[in-house]
Amino acid sequence: MAEPRPEATRHGAGRVLIAVYAVFALAASARAGYQLATHFSAAPLAYLLSALAAVVYVVATAALATATPASRRVAWAAVGVELVGVLAVGALSVLDAEDLPDETVWSGFGAGYGYVPLVLPLLGLAWLHRTRPRR
Amino acid sequence: MITWLAWATGLLSLAVGVAALVATVRGRRIDDVQLLGSAVLELALLVQGAVGVALLVRTERPVDGVLFASYLLTSVLVVPLGAFWAVGERSRWGTGVLAVAALTTGALVLRLEQIWRTGG
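Sequence lines, in order, name chains A and B. Numbering of the first sequence is given in our numbering, commencing with residue 95 and proceeding in unit increments. Numbering of the second sequence is given in our numbering, commencing with residue -9 and proceeding in unit increments.
A hint or two may mislead.
One side of the interface only, derived from the structure: several residues of chain B facing chain A at Cβ under 10 angstroms [what the hints assert, rightly or not]:
# : residue
1 : W(-3)
2 : G17
3 : S60
4 : G72
5 : W75
6 : S81
7 : G86
Covered, in the sense of this in silico footprint (three residues per stretch, anywhere, with C-beta under 8 angstroms from a C-beta of chain B), are these stretches of chain A [stated by the list, open to error]:
#  : segment
8  : 111 to 120
9  : 123 to 134
10 : 160 to 167
In silico negatives: residues of chain B with every beta carbon more than 12 angstroms from chain A [claimed, not checked]:
#  : residue
11 : A(-4)
12 : L2
13 : T14
14 : R16
15 : L25
16 : G27
17 : L33
18 : R80
19 : R82
20 : T85
21 : T108
22 : G110
Hints are computed from structural coordinates only; laboratory data are not their basis. Built from N, CA and C at the ideal position, the CB exists for glycine as well.
Extracted from the complex, chain B is given alone in its bound form (with noise of 0.2 angstroms):
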């Protein structure tokens, strides 16, 4: 994995769902601001996950790819599915389930980076 990259849709992630949770707890319903957010970090997922892949076909190093394939597919998929869910409810609570999207995708950046550092 690019540092980089990892630590910026890291980063991401935890600023897109702390916002989420922030708002959840004021009362919030979704608005147009959180759902950019989401789509901003969709969009750095789906570039991670493009150079995730080229990175995984080209590497020498012993990384389990059918792992890290499958964080990398689970990453991008996270987002969407959680913002469908989301708008399905016209209260706080659907603030709620962006929260969740949004910190879940920072678990598995975190645990993609560590299965390409350490193989596995």
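Chain A on its own, in the form it takes in the complex (with noise of 0.2 angstroms):
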């Protein structure tokens, strides 16, 4: 196999790894931009998470689908905020229910969405690590 470049992190089975980062743009910044709008003094931090979740799937589909040696070290740090937020908000939801009375796309560990949050930084970071420039 011939060595990794930057772009090869767009192509191949990346292709379909960012295709799916996107969707979860879509569905956090719709739910967080709904949410926001519609009802924020509700419950702010539930939806400040919400927002933040959103920022994270935005900026690291964009940074994947960039595929440059800069736009990769900005990929790793936002799927690694991904992953951190996850576990974080998961595990807040499940110990401590009241002070997340509204869903969050990370709420039990993305349940709501199949568990798809859970397991996909861990395919970025799998993927990010295959992909990487080796000298």
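Please assemble the complex out of the two chains, which come individually in their own frames, going by the hints.
See below:
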């Protein structure tokens, strides 16, 4: 196999990974936008976490799809934050449901989305590792 | 929502998605049949979108209009955007992108029907 170049990030299986990221960027943005616009005061913490999730997915999608050395570093950071986010919000939603009265994409470790939000960052990190440039 | 139309587009999404998934597993690149299937699916979604807007304007039931309209809009955008992203990849993974787009659309149709039935 030839040495992976940065562009490898957006080809092959990465194509599908980025498509799934785009779906979640859209889903999380729409959800956060709707929550913030219609009833922000009802559950500010949950809606701010929703907005954070949306930003993380949008940045990760764009960074993976751009596939330059610089954007790959952004992707590492975004996918890392995503993993921490889904674990932290998932744990919080299970342990202390009262602080999160309304759902976010990451609530229950992404149970509302078939646990895809839990698996996605692991696949993202694995893909970034696999397509890393080698010297 | 017209129930049979939602069922038809939902099942069509599932069929196109599963066919693309099988083709991905078998290592097939995107072919004309898959693109035609996606085009037919998009046509059905556009019809459903138009019908959905007409129903939303006329209904007297309390349906969350912003939520319903945003799902309708998304439902007609996913397949074209997915196809655009898919054709740039000349391997089985292009077909995989079509599968993601079609199955996502199926989930959206399910949600649309649910929002229409329950109001939000």
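Checked hints:
Interface restraint check for B:W(-3): the shortest CB-CB distance to chain A comes to about 21 angstroms, outside 10 angstroms, so the restraint is violated. At its closest, the beta carbon of B:G17 sits 12 angstroms from a beta carbon of chain A; the interface hint therefore is violated under the 10 angstroms criterion. Hint status for B:S60: holds, given a least beta-carbon distance of 6 angstroms to chain A, under 10 angstroms. Because the closest C-beta pair between B:G72 and chain A is about 6 angstroms apart, less than 10 angstroms, the hint holds.
Proximity of B:W75 to chain A holds as hinted, the smallest CB-CB distance being about 6 angstroms (cut-off 10 angstroms). For B:S81, the shortest C-beta to C-beta distance to chain A is roughly 6 angstroms, which falls under 10 angstroms, so the interface hint holds. Hint on B:G86 holds. Least Cβ distance to chain A is approximately 4 angstroms, under the 10 angstroms limit. Counting residues of the segment 111 to 120 of chain A whose beta carbon lies closer than 8 angstroms to any beta carbon of chain B gives 6, which meets the minimum of three for the stated coverage.
Under a criterion of three residues with beta carbons nearer than 8 angstroms to beta carbons of chain B, the stated coverage of the segment 123 to 134 of chain A is upheld, 4 such residues being counted. Requiring three or more residues with a Cβ within less than 8 angstroms of a Cβ of chain B, the coverage given for the segment 160 to 167 of chain A is violated, as only 0 such residues are present. With a least CB separation of 19 angstroms from chain A, B:A(-4) remains clear of the 12 angstroms interface cut-off, as annotated. Chain A leaves B:L2 outside its interface by the beta-carbon criterion, the shortest separation being 19 angstroms against a cut-off of 12 angstroms.
The beta carbon of B:T14 sits about 8 angstroms from the closest Cβ of chain A, which is not more than 12 angstroms, so the claim that it is off the interface is violated. With 12 angstroms as the threshold on Cβ separation, the claim that B:R16 sits away from chain A holds: the shortest Cβ distance comes to roughly 15 angstroms. A cut-off of 12 angstroms between C-beta atoms confirms that B:L25 is not in contact with chain A; the least separation is 16 angstroms. With a least CB separation of 17 angstroms from chain A, B:G27 remains clear of the 12 angstroms interface cut-off, as annotated.
With a least beta-carbon separation of about 21 angstroms from chain A, B:L33 lies farther than 12 angstroms from that chain, consistent with its non-interface assignment. At roughly 9 angstroms from the closest C-beta of chain A, the C-beta of B:R80 falls inside 12 angstroms, breaking its exclusion from the interface. Interface exclusion of B:R82 from chain A breaks down, the closest Cβ pair being 9 angstroms apart, not more than 12 angstroms. A beta-carbon of chain A is positioned within 12 angstroms of the beta-carbon of B:T85; the least distance is around 9 angstroms.
Non-interface call for B:T108 relative to chain A: holds, since the shortest CB-CB distance, roughly 16 angstroms, exceeds 12 angstroms. Not every beta carbon of chain A lies more than 12 angstroms from that of B:G110, the smallest distance being close to 10 angstroms; the non-interface claim is violated.
Hint compliance for this structure: hints 1, 2, 10, 13, 18, 19, 20, 22 are not met, and every other hint is.
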